[in-house]
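Heads up: the protein sequence lines correspond to chains D and S, in order. For the first sequence, the residue numbers in this note's numbering are 63 to 171. For the second sequence, the residue numbers in this note's numbering are 15 to 534.
No lab work stands behind these hints, which were simulated from the structure alone. There's no promise every hint is true.
[Said to hold, decoys possible] Here are the simulated DSBU-like cross-link-like pairs (lysine-lysine), alpha carbons at most 30 Å apart as the crow flies:
1) Lys375/S x Lys398/S
2) Lys385/S x Lys354/S
3) Lys153/D x Lys428/S
4) Lys153/D x Lys135/S
5) Lys164/S x Lys217/S
6) Lys86/S x Lys169/D
7) Lys317/S x Lys121/D
8) Lys75/D x Lys135/S
9) Lys169/D x Lys63/S
10) Lys154/S x Lys169/D
11) Lys332/S x Lys385/S
12) Lys169/D x Lys114/S
13) Lys385/S x Lys132/D
14) Lys447/S x Lys428/S
15) Lys158/D x Lys366/S
16) Lys120/S x Lys161/S
17) Lys72/D x Lys139/S
18) Lys137/D x Lys118/D
19) Lys182/S x Lys38/S
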Amino acid sequence: MRGKSFIHEKSIKDIAVLSAMRCYGIVGLAPVNVVQKVQKILGWNEASRGVEVIFKENKIFIIFHVILSKGINIKEVIHNLIEQTEYSFEKMIGIKPEIRVIVEGVKEE
Amino acid sequence: MDLLDKDFLINFFYLALKEVERRKEDINKLNVYPVPDGDTGTNMLMTLKSSLEEINKINPKNIGEVSEAITKGSLMGARGNSGVIMSQIFKGMNIVLKDKEKITPKELSLSLIEGVSKAYKAVIKPVEGTILTVSKSFAKSFYEEIKRGKSFEESYFNALKETRETLKKTPEMLSILKEAGVVDAGGLGFLVFMEGGFKAISKREVEMEKIETKEAKLYQKLEFPYDVVILLKTELDEENLMKDFNLNGDSLIVGREENLIKVHFHTDNYLKLIDYFQKKGSLIKINVENMQHEVDILSSKEKEVGFVSVSRGEGFNKILKDAGVDEIVDGGQTFNPSTKDILDAIERINSKNIIVFPNNKNVIFSALQTKELTEKRVEVIPTKSIPECISSLTIIDKNLPVDEMIEEIENIIKNIRTIEVTKSIRDTKFNGKLIKKGDYIAIYDDRIYNSNDSPEDTAIISLKNLEIEDGTLITIYYGEEIEEERAKEFKEKIEKIFPNCDIEIYSGGQPLYYYIISLE
Chain D
63 MRGKSFIHEK SIKDIAVLSA MRCYGIVGLA PVNVVQKVQK ILGWNEASRG
113 VEVIFKENKI FIIFHVILSK GINIKEVIHN LIEQTEYSFE KMIGIKPEIR
163 VIVEGVKEE
Chain S
15 MDLLDKDFLI NFFYLALKEV ERRKEDINKL NVYPVPDGDT GTNMLMTLKS
65 SLEEINKINP KNIGEVSEAI TKGSLMGARG NSGVIMSQIF KGMNIVLKDK
115 EKITPKELSL SLIEGVSKAY KAVIKPVEGT ILTVSKSFAK SFYEEIKRGK
165 SFEESYFNAL KETRETLKKT PEMLSILKEA GVVDAGGLGF LVFMEGGFKA
215 ISKREVEMEK IETKEAKLYQ KLEFPYDVVI LLKTELDEEN LMKDFNLNGD
265 SLIVGREENL IKVHFHTDNY LKLIDYFQKK GSLIKINVEN MQHEVDILSS
315 KEKEVGFVSV SRGEGFNKIL KDAGVDEIVD GGQTFNPSTK DILDAIERIN
365 SKNIIVFPNN KNVIFSALQT KELTEKRVEV IPTKSIPECI SSLTIIDKNL
415 PVDEMIEEIE NIIKNIRTIE VTKSIRDTKF NGKLIKKGDY IAIYDDRIYN
465 SNDSPEDTAI ISLKNLEIED GTLITIYYGE EIEEERAKEF KEKIEKIFPN
515 CDIEIYSGGQ PLYYYIISLE
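So that you can see chain S by itself, here it is in the shape it has in the complex (with noise of 0.2 Å):
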């Protein structure tokens, strides 16, 4: 094995930077951790361009030299969060670098870790999902696969492929990035960083990630919410009384004024940090807080335009939610909400305009009456049932302005078609036709099907007279009552029937109805 020289340095170095430079915007769209103000790449660039210039600038005689030009100018040069953290990684690199005429691959290995584990140091509480833990995977993998004996190009590419793995779960760590539905800004930029660099390695192709960006939303969960001070009397001095100290937490600081010690801790567990300063000394004074709340309160956003929802069934609040409904109020056929909870659920919703989706025709008159009773702006859209909101919700713009908003989903609307399949409950007389008492009905619009034999078969009379095109999408919500199983069985029925439409089916858990089902 060839051992890697200044050249190799400079060479790397080099193409890495060019790579980052090539990918600034890709890397920049995705920053919203911790200022979503879209310059990770080019700060990055700026500091990686700072070490080039120093590099050029001394002419190192070895590889040790390269690696104190990268350090200098990174450190002077360092621009962003990510560029200090890259300074730092290099600084760490340079302690196992600095001196050596060359290196073998194990000992770049080394650096890296050792560079990693600097980079951990200078932060409290060091934030997973972000660039130390992507920098930390690669170096891991690249110094694992090193000590198998794989070659330099092979532990190298391995250690790309795990690093694209880790990259790709940063969203599951630090919810920000989940929630903006993206990677880790900072992160990317050293995979690209290192991308760049394997070309200095090996001609082989590396795989180039499609990384999509959204805008950010913003909403801290935090971590450690309770935010505690305990005020101890005690003899031990900071060491003994840390000694066994292994809570989860951050932001720990420890002060003392003679035999009077104070402790600052956020922590998940108040419980258990108490109990443990209990044992070593007289607790003076406790104090807990729960900074999530505040926080809660001050990073509620406020919103263009809020969404209310009436709603019964485990599955359509689901669905409703995922549509973008901010909040459902309880209610439905024979179980009516009243204005009051429709208006207490107007105002929970940080916005000042209000579309409400009543959902059922007994429903319009009760949200009509909170356009009175609230400083907001109220809109109510006639819908007679959950499909309506459901499909409005899915397809309309929601970044149109508030009159176009309403514009649009009355237009929707009126081209969607419920058919609700229920069992009547006692005889009756409709447009003529009589309905026993515990007949399956399937009502549609004004008109209104019957049968004896199962909720199924009258579902499929009543479709049966309706136009229906090709091409139409064909919605079965089935209710409570009725098994998953069941319902698949229904569905595959009706698309026997009806070939050329498209048909899906989900849960609504709705009680009373056997099936919701929506044509569109």
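For reference, chain D alone in the conformation it holds in the complex (with noise of 0.2 Å):
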């Protein structure tokens, strides 16, 4: 392919977030911290919906920040939900990300 492509971070953030999503399991994404997550949000395309991304040494880390439902098999949702949002990256992208999953909690519906 001739030339070079651009894809911004906020496509990156919003391809994983609806991932999350649809992810059967999750319930929510948890801000890592209250705080941080109201002064972020003046600048909306930083990380500020539980879902970090970090460009490292050419590869692009995704770190969910997810609630479960209570009572689930959590390592098969995990299991599921970097499947899923690998495949979605692969498919839009064609990029494979680093994926890391944070439970910050588990919650009874």
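Could you fit the two chains together into a complex? Lean on the hints.
Here's what the structure looks like:
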């Protein structure tokens, strides 16, 4: 392919957020801390939705801060989230990100 | 009515599992959502097997303990989305079944309702058109049938029937399925599971569904495209703030820091959303972004070959699109598109190889000029009429390599003859024949037929002058000036004259030409 294309960090985050939203077993995304979150609102493009995107050594790292439904196979839900997110990225932008999932809590409905 | 005991549930579960095992590959084949990796059936089976192992391990004494074992086994051994969802259904059912010695069919139906409602709660935005929808359909209709006083067997049988209908509707609910031409794999898995279980209830045969599979095409249409963030200054607490919030959307997140509240929401109507919060406090900042835009750009997949066709007429445009044309350039006789028009269409297609159908001999040259002006490989097929393009694209295998495809198309076109019926706009001489202004003329290749009766009669004269073998497909595309009724009468006339040919008729909607007729 000729030329270069640029993908905005926001797009990456949107794809990640969409993946998490639709992943069965995940009932919420948790901000790392509320104070930071409110400050970050002013720069909405910054990490503010429980998803962090880090570019390091030519790789994209995506860190999800998730809240899971109580009484669910945590390992499998995380596995599904990683699989679905990788798929979305490969399909949409042809890049396979490194994904980390941090479970911030479990919630009874 | 006999009560259902532990042996019933074990037998039911075993037979259901066996049915999933038997039809595992059918289920796998359908798998396109959320990840098309063809493992839904396998995952479901592994999850169920883990439950069966658990039953065998504990040697349960009553139906409650069987249910506990199924729940525990499926939780530990859940595989894939469908497996996790099944485990949640079992978990919900267990709320009703645990501690029970035996149960009535009604209790079974109630436990299913509980199970499905549990399953719906474990995701931010339940996606309809999936196993969730299908299991809900079964639970609901089974419960209603029982409530109506139908027997256990009858109720279950009717619920299966209803569920099958719901499964068939899943492509309408989830566009990814529709585009791939499949029903939901997890939904089929659930249906198959329940069908297997029916063997524990009745000797009646269950109708099996034949479901075709196709390769998945991916395009995401967001239901709630606007990503909205609102920063609001308010004294209200979260509960009061959200009290009568009833807008459609998902991914609601509300965060608070003293008297500042940040709301994040995906919606299809951001004006309503802003309107709502405006009444709740003073807005500090609003940010709206259309996620669809980015998804569109990012998800448009490169095609091996793209097709550009020149066309005029709504009917033709639609037929061409259906036949697989990616971009249509408006143009035709007396209205030739420019090289730039064609070039723009070429550049719009996400593909390095483009085949152009000029569909008019006056356009061929402009089309050829685009070759010099783009990085892409452009091949122009010198089609002289739209039916040539339609027939080519309908017949060829679009997975062929470009060179082979072009060869194929050229072969197809050789076998297509096109007659165009129009009106002469001036007195003229054609091959020694005098044609008066206002005469109806039918043009075939370099032959021309005229009459002053009607376009239909002129067309028939020309058809009679051609050698038409039995079995020829005659396709009539009628123009914008011809009404459907009239075109149908014309078709009947032709059928009488050529009783051994197949006649088809479509609205081409083209201007100037009353009829464009193709023979192949």
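The hints, checked one at a time:
1. Lys375/S x Lys398/S: holds, 5 Å
2. Lys385/S x Lys354/S: holds, 11 Å
3. Lys153/D x Lys428/S: Distance ~40 Å between Lys153/D and Lys428/S Cα, so the pair is violated.
4. Lys153/D x Lys135/S: Roughly 29 Å separates the two Cα atoms, so the pair holds.
5. Lys164/S x Lys217/S: holds, 17 Å
6. Lys86/S x Lys169/D: Measuring from Cα to Cα gives roughly 19 Å; hence the hint holds.
7. Lys317/S x Lys121/D: holds, 27 Å
8. Lys75/D x Lys135/S: holds, 25 Å
9. Lys169/D x Lys63/S: Holds. Lys169/D to Lys63/S sits at ~28 Å (cutoff 30 Å).
10. Lys154/S x Lys169/D: OK: Lys154/S and Lys169/D at ~26 Å, within 30 Å.
11. Lys332/S x Lys385/S: holds, 27 Å
12. Lys169/D x Lys114/S: holds, 27 Å
13. Lys385/S x Lys132/D: violated, 61 Å
14. Lys447/S x Lys428/S: holds, 27 Å
15. Lys158/D x Lys366/S: holds, 24 Å
16. Lys120/S x Lys161/S: Judged against 30 Å, a Cα distance of about 8 Å means the pair holds.
17. Lys72/D x Lys139/S: Within the cut-off at roughly 21 Å; holds.
18. Lys137/D x Lys118/D: holds, 26 Å
19. Lys182/S x Lys38/S: Measuring from Cα to Cα gives roughly 19 Å; hence the hint holds.
In the structure shown, a violation is registered for the earlier hints numbered 3, 13, in ascending order.
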